[in-house]
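Visitor: Listed below are the residues making up each chain.
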Amino acid sequence: MTAVAVDRGLAEPGRGWLLACLYPAVVALVALFLAYPIVELLARAVFADDRLSFAPLARVLGEPYNRQAIYNTLVLGLTVAVLGTILATLYAYAMTRVEMPGKRVWHFLALLPTISPPILMALSLILLYGRRGLVTHELLGLQTTILYGYWGLVAAQTLSYFPFAYLLLLNLFRGLDASLEEAAGTMGAHPGKVLTTVSLPLLVPGLAGACVLLFGYSFADLGNPLLLGGDFPVLSSQIYLAIIGQYDIPRGAALAVILLVPAALLFFFQKHLAARTAHASVGGRGSVRHPQVRHPGARVAALIVCGGVSLVILMQYATVLAGATTRLFGINNELTLRHFTAALTSSRNALVDTIGLGVAASIVSAVVGVLIAYFVARTRAFGRGALDFTANLPLAIPGTVIGLGFALAFNHRPLLLTGTAFIIVIAFSMRALPYAIRSGIATLQQLHPSLDEASTNLGATREQTLWRVLLPLVRPAIIAGMIFTFTRSVTTLSAVIFVVSPHWSLVTPTILSQMDRGDLGEAAALSVILVVLVLAVIHGVPRFIGRDWREQA
Amino acid sequence: MDATAAKTLEIIGLSKTYPMPGGRSVPAVRDFTLDVAPGEFVTLLGPSGCGKTTVLRTLAGLEAPDAGEILLDGRSITRLPAHRRRIGLVFQNYALFPHMTVFENVAYSLRIRKAGEDAVRDEVPAALKAVGMEALGVRLPGQLSGGQQQRVALARALVMKPDLLLFDEPLSNLDAKLRVQVRGELRRLQKRLGTTAIYVTHDQDEAMSLSDRIAVMNAGQVEQVGMPHEIYMRPASLFVAGFVGQVNALPGRVTGHAGREATVEVLGRSFKVPADASPPPDVLVLVRPEAIRLADASASALGGVVEDLEYRGDRIEYRIRIGDALLVAVEPALGRRGRVAPGDHVGLELFTDALHLLPAAKNAAA
Numbered sequence: 363m364t365a366v367a368v369d370r371g372l373a374e375p376g377r378g379w380l381l382a383c384l385y386p387a388v389v390a391l392v393a394l395f396l397a398y399p400i401v402e403l404l405a406r407a408v409f410a411d412d413r414l415s416f417a418p419l420a421r422v423l424g425e426p427y428n429r430q431a432i433y434n435t436l437v438l439g440l441t442v443a444v445l446g447t448i449l450a451t452l453y454a455y456a457m458t459r460v461e462m463p464g465k466r467v468w469h470f471l472a473l474l475p476t477i478s479p480p481i482l483m484a485l486s487l488i489l490l491y492g493r494r495g496l497v498t499h500e501l502l503g504l505q506t507t508i509l510y511g512y513w514g515l516v517a518a519q520t521l522s523y524f525p526f527a528y529l530l531l532l533n534l535f536r537g538l539d540a541s542l543e544e545a546a547g548t549m550g551a552h553p554g555k556v557l558t559t560v561s562l563p564l565l566v567p568g569l570a571g572a573c574v575l576l577f578g579y580s581f582a583d584l585g586n587p588l589l590l591g592g593d594f595p596v597l598s599s600q601i602y603l604a605i606i607g608q609y610d611i612p613r614g615a616a617l618a619v620i621l622l623v624p625a626a627l628l629f630f631f632q633k634h635l636a637a638r639t640a641h642a643s644v645g646g647r648g649s650v651r652h653p654q655v656r657h658p659g660a661r662v663a664a665l666i667v668c669g670g671v672s673l674v675i676l677m678q679y680a681t682v683l684a685g686a687t688t689r690l691f692g693i694n695n696e697l698t699l700r701h702f703t704a705a706l707t708s709s710r711n712a713l714v715d716t717i718g719l720g721v722a723a724s725i726v727s728a729v730v731g732v733l734i735a736y737f738v739a740r741t742r743a744f745g746r747g748a749l750d751f752t753a754n755l756p757l758a759i760p761g762t763v764i765g766l767g768f769a770l771a772f773n774h775r776p777l778l779l780t781g782t783a784f785i786i787v788i789a790f791s792m793r794a795l796p797y798a799i800r801s802g803i804a805t806l807q808q809l810h811p812s813l814d815e816a817s818t819n820l821g822a823t824r825e826q827t828l829w830r831v832l833l834p835l836v837r838p839a840i841i842a843g844m845i846f847t848f849t850r851s852v853t854t855l856s857a858v859i860f861v862v863s864p865h866w867s868l869v870t871p872t873i874l875s876q877m878d879r880g881d882l883g884e885a886a887a888l889s890v891i892l893v894v895l896v897l898a899v900i901h902g903v904p905r906f907i908g909r910d911w912r913e914q915a
Numbered sequence: 012m013d014a015t016a017a018k019t020l021e022i023i024g025l026s027k028t029y030p031m032p033g034g035r036s037v038p039a040v041r042d043f044t045l046d047v048a049p050g051e052f053v054t055l056l057g058p059s060g061c062g063k064t065t066v067l068r069t070l071a072g073l074e075a076p077d078a079g080e081i082l083l084d085g086r087s088i089t090r091l092p093a094h095r096r097r098i099g100l101v102f103q104n105y106a107l108f109p110h111m112t113v114f115e116n117v118a119y120s121l122r123i124r125k126a127g128e129d130a131v132r133d134e135v136p137a138a139l140k141a142v143g144m145e146a147l148g149v150r151l152p153g154q155l156s157g158g159q160q161q162r163v164a165l166a167r168a169l170v171m172k173p174d175l176l177l178f179d180e181p182l183s184n185l186d187a188k189l190r191v192q193v194r195g196e197l198r199r200l201q202k203r204l205g206t207t208a209i210y211v212t213h214d215q216d217e218a219m220s221l222s223d224r225i226a227v228m229n230a231g232q233v234e235q236v237g238m239p240h241e242i243y244m245r246p247a248s249l250f251v252a253g254f255v256g257q258v259n260a261l262p263g264r265v266t267g268h269a270g271r272e273a274t275v276e277v278l279g280r281s282f283k284v285p286a287d288a289s290p291p292p293d294v295l296v297l298v299r300p301e302a303i304r305l306a307d308a309s310a311s312a313l314g315g316v317v318e319d320l321e322y323r324g325d326r327i328e329y330r331i332r333i334g335d336a337l338l339v340a341v342e343p344a345l346g347r348r349g350r351v352a353p354g355d356h357v358g359l360e361l362f363t364d365a366l367h368l369l370p371a372a373k374n375a376a377a
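Quick mapping for you: the protein sequence lines, in order, are chains A and B. All residue numbers for the first sequence refer to this note's numbering, where the first residue is 363 and numbers rise by one. All residue numbers for the second sequence refer to this note's numbering, where the first residue is 12 and numbers rise by one.
Where hints are given, some of them may not hold.
[Claimed, not checked] DSS-like, lysine-lysine: derived pairs with alpha carbons at most 30 Å apart:
| id | chain 1 | residue 1 | chain 2 | residue 2 |
| --- | --- | --- | --- | --- |
| 1 | A | Lys555 | B | Lys202 |
| 2 | A | Lys555 | B | Lys172 |
| 3 | A | Lys555 | B | Lys188 |
[As the list claims (entries may be wrong)] Not the full set, but computed from the structure, chain A residues with beta-carbon under 8 Å of chain B:
| id | residue |
| --- | --- |
| 4 | Ala545 |
| 5 | His552 |
| 6 | Leu557 |
| 7 | Val560 |
| 8 | Pro653 |
| 9 | Leu697 |
Hints were generated in silico from the structure; no laboratory data involved. In this text, a Cβ means the ideal position worked out from N, Cα and C, and glycines have one as well.
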């Protein structure tokens, strides 16, 4: 696949004036709602008393407690990245290379966490292993707080985020040229040797990508550190406490900048590594039908990995479901629907608002994403490189940081948006924009520019070409992007925690506050409702109009 | 590189069916049987989807057959996994490891089999030298041309001194000129090493020029096994005749048979044609275009009208109408272009030695 750009400027005389007008509008949108909040955040961190000053940063770095948080963040991120990548690699290998029953079930269960709010893991872990947890307190009679801290966070984040790495590696394992592995086999390498001498070396960029991805998710996670952090402070929870607890904005901004730097560095390092080590496919077309390992030992091992991990995930969800349907989980196990009733009455507004704003955000990100993809892949518009870069920044920047940027940038004139639905929709859609752009560009690049040329040759304007030729072909990618945006939006916590308001409440912050209050039953019921809702959208919508977004690379 | 003791290969009753979505299944290979002598070069020739690649992959151990046996030197390898077989396979896309240098690619099988670094130092350069690539050992595959990648792939298969060499359309990604050059080298190298070889292709030219014997396959089954000239001159079916070249198939009637000759009536005339067994009365007479010679209309007993002609540089192809039949004839273009034009009446002479009879019943002209 080669990147092809149609060699023409945007504004041709008499042609394409609508797109020529939309381009500055899209640029302005991205500048205002992505570049500006990040600049505003940076400014808050390096300005004091209206002067350039590194005092806020120095003050934050001077506190041992914060240095501990930085250290903890890095250690936690590293652990989750390594553990998660190993788990994801084993899982993806088993799913793509080992003959094993139940693959559809293992796949479905492994992907459940990708569509759940990450605090769901914290909730189930607390129910099972917390101070009054079913396993720790009721069954073992322990008075332990081991869950609250490093180990609890490692467990919650690895379970929540390894599926994203699994998806990445699954597609890479599937995409490897099968004849390379077959060639190794004919030369005497048994399947294990094939993996270590051929498949894994070829997947090094992907493994690095998986590590960086997990690092990023761990950095950005706010819900788990708030609920399970205990005396293990990390940067995201410290930002939250600085802003919400102490209302110390310079301190929060400085901490956010400190969180931003390693996340962004890692992201660009990984992009650089991937570009340098990507092996261009050699020779002609390869096959994608991979040899399946039938060795009994390997099959048993694969079943243990996939079945075991699936079982753990299933147990978390079963626990939340049990928590939602019993009076007081582990103590009074009488079945009841009152948590659901409570959730549906007291949190009705949160549910309705979340769905409505999520749908709105998915439309915004689809429209803007397709336009940017078109400008980047199909035109030579001035500044499209910078536009692409800026629009993709949310990949590199933790959600907490972007969310704080939004809160700081739009809580004063001239753009006083705090408390409106608009700022929530923008936060949702900007967060998902890189994914919408990426899938749009990938699809457009597979469509040869001769399609555009043929359409122009037949007398169509640029708008007509985009509308009648390109859009129908890109439609599956758009729909997949919309489902993705919706899912991300309704399950995120970090990106919206700073922009929610009494007027517009959302589900994930509501779950957080319910857990804070100790209403674990209601929190569990609301989580169950959210997961069922997202599952219905993910499996229901594509049934009518396309494929599961998660299947697409 | 030393020649290893060449092995016999026997494939007995091989069958393989692929399950299709929707519960149906498609037989890829049905009851495939073939004996290959030590050092022999046999080509599986057939259209895409005829099962030739499935046979090859089964030999390599990359597919498990549903039924049948594969014997190498009399010992069954049917159930041996690929990595325990020692069978070299040159892939259509070469399948060079992109993360290893040329040298490391060739050394791979030696290192995997723990042959020791001494063996690597001796044998890898020898294998690279055999294919003329000794100077490029430090390159990565991505830095090589298609022809060079092909040679490395061959060296990589040769270095393990395979019991059997398999080729899966290895020349199909090369341009036409290079293909002719490389296939000559391939043939000489295989003869020098004496390794038994199976080659898969859909290109009859390649099959003709490379092979000791050709097995023509169609719809998962062998249509005919024979030496190249047997396949071309004495095809067992109309399919074989048409697959290895152009052919005129004319309905004829056998009126007499004596010794190794039959008298057959075709195009309203009587010819004496070579025939081994006693042919049935209704036959198809196969006439290759080059077995027809154009002559003066007045001097020949058989005549027709030229409908059109195609100039091909080294030869001219004529389409000639004789009654209901339309014949293709080919003559070398020896500066005689323009001798005959569409609409001209021409005489025709057939080289009766080159005619071949097929029973009409089994070969209804398709």
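Visitor: Please go over all the hints and tell whether each is borne out by the structure.
Guide: These are the hints, each one checked on the structure:
{"no.": "1", "hint": "A/Lys555 - B/Lys202", "in the structure": "violated (33 Å)"}
{"no.": "2", "hint": "A/Lys555 - B/Lys172", "in the structure": "holds (20 Å)"}
{"no.": "3", "hint": "A/Lys555 - B/Lys188", "in the structure": "violated (38 Å)"}
{"no.": "4", "hint": "Ala545", "in the structure": "holds (4 Å)"}
{"no.": "5", "hint": "His552", "in the structure": "holds (5 Å)"}
{"no.": "6", "hint": "Leu557", "in the structure": "violated (12 Å)"}
{"no.": "7", "hint": "Val560", "in the structure": "holds (6 Å)"}
{"no.": "8", "hint": "Pro653", "in the structure": "holds (6 Å)"}
{"no.": "9", "hint": "Leu697", "in the structure": "violated (43 Å)"}
The structure fails hints 1, 3, 6 and 9 (numbered hints given earlier, in ascending order).
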